[in-house]
Amino acid sequence: MSRALDSVRTRPYGIALAMALGLLIANVVARSSFATLSSWPATLATFAPFALAAMASTPAIISGGGGIDISIGPLLNLVNIVIVAVLIPHGLGSPWVAIPIALALGAAVGAVNGVLVTVFRYQSVLATLCTLFVLEGVSLKVVPQPTSGSAAWLTHLGAKIGPVPGALILIAAPLLVWIGLGRTAYLRSLFSVGGDDTASFSAGVNVTAVRILAFTIGGTFAGIAGIALAAVTQTADATQALQYTLPALAAVAIGGTSLLGGRGSLLGSVAGAAIMFLIQTLLDSLTVSDLWLQVVYGALLLLAIVLGSVLSAPHRTRAEPI
Amino acid sequence: MSAVRDELTTSSDRPPLKARVGNLQRRFPLFQLMAVVVLFEWGTWTITDFATKQSVFSMLVAASFLGLAGAGQTIVVLIGGIDFSIPAFISAGAIVMSELTGTNGWGFVPALVLIVVLALALGAVNGYIAHRFRVQPLVVTLGMASIVTGAVLVWTKAQPTGSPPAFLGRLSSVTGTIFGIGIPPIVIIWAVVAILAGVVLRRTLTGRRVYATGANPVAAELALVPTRRIWVGTYAASALIAALLGVLIAGYAGSGNVTLGDPYLFEGLAAVIVGGTAFGARGDYWRTVLGALLLTVLSTVLVGKGYGTADQEIIFGLLILVVVAGYGREPRLRDRI
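First to last, the protein sequences are chains A and B. With the first sequence counted from 1, adding 207 to any position gets you our numbering. With the second sequence counted from 1, adding 13 to any position gets you our numbering.
Quick caveat, the hints were computed from the structure, so don't treat them as lab data. Don't take every hint at face value.
What the simulated footprint calls covered on chain B by chain A, stretch by stretch (three residues with Cβ under 8 Å from a Cβ of chain A suffice, anywhere in the stretch; the number is not a length) [stated by the list, open to error]:
hint	segment
1	121-133
2	250-264
3	278-285
4	306-314
5	320-327
Positions of the beta carbon are idealized from the N, C-alpha and C atoms, including for glycine.
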C-alpha cells in the first residue's frame, strides 16, 4: 500500500491523476447521469480543446530556459477559424485536406516561435507575446464577424466515430505521438536540455534543434486543438482567441510540470486540465449559483495546487547549507 | 618589455566600442530611450497634429495607465514571480470605488481605505501561498483573480451601477491641472510612483533584498534575507497598485465593470518585458516606464496612420520584435558555459 502511495507521490503527474479521479467520482456522485455512456461524447468534446491546449503548452515549458508559449490559445483559435471560415467555404473542407493544413499551420507557427526563441534569442514570453498579437490580428482580419460553418466529419468528431467518441481520438493523438517520441532519443534530449541547457550543450546535444522541435511539436498539438475546437463549436470567432491561454498554462502547472523546465509530462497536463474541467462540471451539477461560481472555482484552484504541493514527495524546499 | 606593457594597458583602457555600448546598456536603458525618441519623431514627421499638446498629453495619460499597470508586475517579475491577478484587482478597485461612493453613499476616503486594506490582504495571500507551498505563482494568481472577480460579481449581483466621484475623472483628464500647472495630474502621479519605485528598488535595504531574492532565492535565504516577507510584500504591493489604478481608471471611464482591467494584462506584461526587465532580478521600474511610453507611442502612430484594429495588432507584434532586437535578447548559449 505504502509503495503504491509512494509511486503516486514521486511521479510528477501522480497526484494530479489521483485528484482528477477523485473529482470524477465526485461528479458521478453529484449527478449520476454524468456516468451514463451516452453523455460522454459531448462531455469529452467540450473537454478536448482545453486538454489539447494544455498538452500543446507542455513541450515548450519542458524545454526549459524560461520556455513558455503563450501564443497557443490564439493559435488554436486561428486554426479553428481557418477550418471553419476559410477551408470549408472554399470547398477544401474534406478531412484529407483540412486536417493536414490545420496541423501544418500549427507546426509552422510553432516553428517560427522556436526560431525566434533560439536563433534570434528572444525571451520566449516576449516572442510568443508578439506572436499572440500577430495571430489575434490575423484572426480578426479573416473573420471580422463570427461566422459558422460545418462539415459532416466535424460533426462526427464532435460526437462519435464508430463506437469511439471523436474527442477521445483527438486527445489520444498527442499522447501516442509522445509515446512514440519516447522510443527515440528526442525526449531524453528534451528533458536534459530543460534540466540544464549549458550542460546539455557541452555534452553535445543540439540545444537549438531540440528547442525548435519542442515549440513545433507544441504548435502541431495546437493544430489538433484547433480541430477539436472546430468540431465542438463549428463557429469561427476571433474574440475567443484568449479563452484557453492562461487556463492551459495553469493546467500544465497543476499537472506537475515544472515551469522551470526539465520536469513534467504530457499525461500530467491532461490530468491538470481534467481537474480544472471537472471542478467546473461539479459546480454546474451542484447548481452553484452563477454568481458564486467564479469564487468557488478560484478557491478550489488554489486548494488543488496547494494540496498537490503538500502531498507530493518531499523535495528540498528550503535552503540547506551543503 | 615596457612596450608590451604599454600596449596591454592601452588596450585594456579602451575596450572596443561594442563592449562599451553593451556595458552602458546594462546600466542604463539607452536603446529603449532611443526607440521612444525615434518612434516619436517618426510620428511627428509623418502624421499631422501628432506632436500637439493635446495629442502628447493624451499619449502621456494612456502611458500612465499602462505604466502603472506594469509597476506591480515589474517588482513581481524582479523576484522571479508573475502576477496574473492584476486585471482582476484593477476591475475590483474600479467597481468597489464606484459602488461604495456612487450607490452606497460612502465618502471617498473610507472607500479608499477599504480598497487599500482589501488589496493588501488579498495580494499578501498570493505571495504567501506561492512562497509557503512553493507552487507556481501563475496558478495562484489566476485562482486569486477568479476569487476577486467572483466576489465582486456576487456583491454587485453582476450589475454594478454606481459611478465614482467627479474629481477622480479630472485626475486623468487631458485638460486637467495640478497645483495650477497645466499637466494631467495622473502624469504627475505616475512620475511620483516612478521616482518612489526607483529609489526604493535601488537605494533601500528592501530594494536590495528584492533583487537578492530574485537573483537566487536559496542564496538569499542563506544570507538571511527574509524571502517570504519579500514575496508577501511584493505581491501585496502589486495588488495595491493595481487596485488604486482601478480607482483612477474608474474616474476616467466614469464607471466600473469586471472586464475593465483585462486589456492591461498582456500589455502591462509587454511594457515590463519591452522595457528590458526580465525574470529574476534583471531590470528596474525606469525600464518599464520607457516600455510603457514606447508601446503607447507605437500604438498611437499605428492609429494615426489609419490602420484598422487587425492590422494594428499585427504590426504592433512585429514592431515590438524589431525594436527589442536591439537590446532585449538573451546571451548565446555558448557564451553562458
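Going down the list of hints, with the structure as the test:
Evaluation of the coverage hint for the segment 121-133 of chain B: breached, as 0 residues show C-beta separations to chain A shorter than 8 Å, against a requirement of three. Figure legend: the segment 250-264 of chain B, annotated as covered by chain A; annotation inconsistent (0 residues with Cβ-Cβ distances under 8 Å, at least 3 required). Remark: the segment 278-285 of chain B is confirmed as covered by chain A, as 3 of its residues place a Cβ nearer than 8 Å to a Cβ of that chain, reaching the required three. Evaluation of the coverage hint for the segment 306-314 of chain B: breached, as 0 residues show C-beta separations to chain A shorter than 8 Å, against a requirement of three.
Residues of the segment 320-327 of chain B lying with their CB closer than 8 Å to a CB of chain A number 6, which satisfies the three-residue condition for coverage.
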